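Chain residues, written in single-letter form:
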Amino acid sequence: MLIGLEYVVAAYGIWVGTFAIYIFLTKRSMKNADQTVTLLEQRVSESRKKSIPTENNENSN
Amino acid sequence: MASMKKIILYLEWGSILGLLACGLWVFLKLPLESSQGFPQKIMYLHVPTFLSTYLAFFVVFTFSIAYLWKRELVFDQIAKASAEVGLVFCALLLATGAIWGRTTWGTYWVWDARLTTTLLLFLIFMGYFLLRMSVNDRDKEARLASVLGIIGCLDIPIIHKSVQWWRTLHQPSTLFKVESGAAKPSMPPELLYPLIASAVVMLVFYLYLLLLRLQTEKRRETLNQLLAEIQN
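Chains as they are written, first to last, in my numbering: chain A, 1 to 61; chain B, 1 to 232.
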């Protein structure tokens, strides 16, 4: 049995575990932001489409 | 955008494979160091983590100055992304250092100059994010965070020189020592080469994390702009 094995395992385990969680959370946050941006862009473009005919009507009047 | 995704993917796999290769080299190929034994393997994690922490905060320093000078939001985004990655590296630097310290000094923590100044750096950058969260105006947030980022990074030269300026328990420079005006490696080549390789791979890993975090930051910025547009 290697002396101090538990310390080496703890150090490497904490390092790998922390970055695994950090990368997972960052990727999830990016995915969520992506989905929300797509939804909001759709909503913005839809509201613009709706507002254009109204403006045209106002101009024709 | 697509090319950036490709770069991030290459960096991701490059750094994961590189870290695995370094791990195999350190654990399967290297002989046990005579004075510390097996816990000396922590050095191949601790020292590269410390170099990445330095680099991350140097990037914060550079891009904070660039933001204050040019007022380009992208500089603040880079500084913010690097500060977050640097904070994670700094936390791991303290954790791995404490574990290594337990095996070599017999204690997890001492109020030694090197350890205390590193903890101070960690706390300053915790404050950096609290400051960012507490300000609503985006320009004001970037301005104040840049100032704090620059002040915080002034701690790095103090950390670096602390082992020379004060009598500390922490060992002096691990990679090189200065003898009669010339820098010489402070360990035999069979121990030094894997350390240099681990440091290079860790810097690539830092670059990967920085770009990944920056992409997230850009998306959040777009999201905030869209929300502001909808509210108006």
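In case anyone wonders, no lab produced these hints; they're calculated from the structure.
These figures come from a predicted structure and were not determined experimentally.
Check each hint, because a few of them may be wrong.
Unchecked claim - Sample of chain B residues with no beta-carbon within 12 Å of chain A, all distances over it, derived:
| # | residue |
| --- | --- |
| 1 | Leu55 |
| 2 | Gln171 |
| 3 | Thr216 |
Claimed, not checked - Calculated lysine-lysine pairs in the PhoX-like style (CA-CA distance at most 20 Å, straight line):
| # | chain 1 | residue 1 | chain 2 | residue 2 |
| --- | --- | --- | --- | --- |
| 4 | B | Lys70 | B | Lys177 |
| 5 | B | Lys70 | B | Lys140 |
| 6 | A | Lys27 | B | Lys218 |
| 7 | A | Lys31 | B | Lys6 |
| 8 | A | Lys27 | B | Lys70 |
| 9 | A | Lys31 | B | Lys218 |
| 10 | B | Lys5 | A | Lys27 |
Unchecked claim - To be clear about the criterion: a stretch of chain B counts as covered by chain A if any three or more of its residues have a C-beta under 8 Å from a C-beta of chain A, and this derived list gives those stretches:
| # | segment |
| --- | --- |
| 11 | 41–53 |
| 12 | 111–125 |
By construction, the Cβ of each residue, glycine as well, lies at the ideal position given by its N, Cα and C atoms.
Check each numbered hint from earlier against the structure, then list the numbers of those it violates in ascending order.
3, 4, 8, 12
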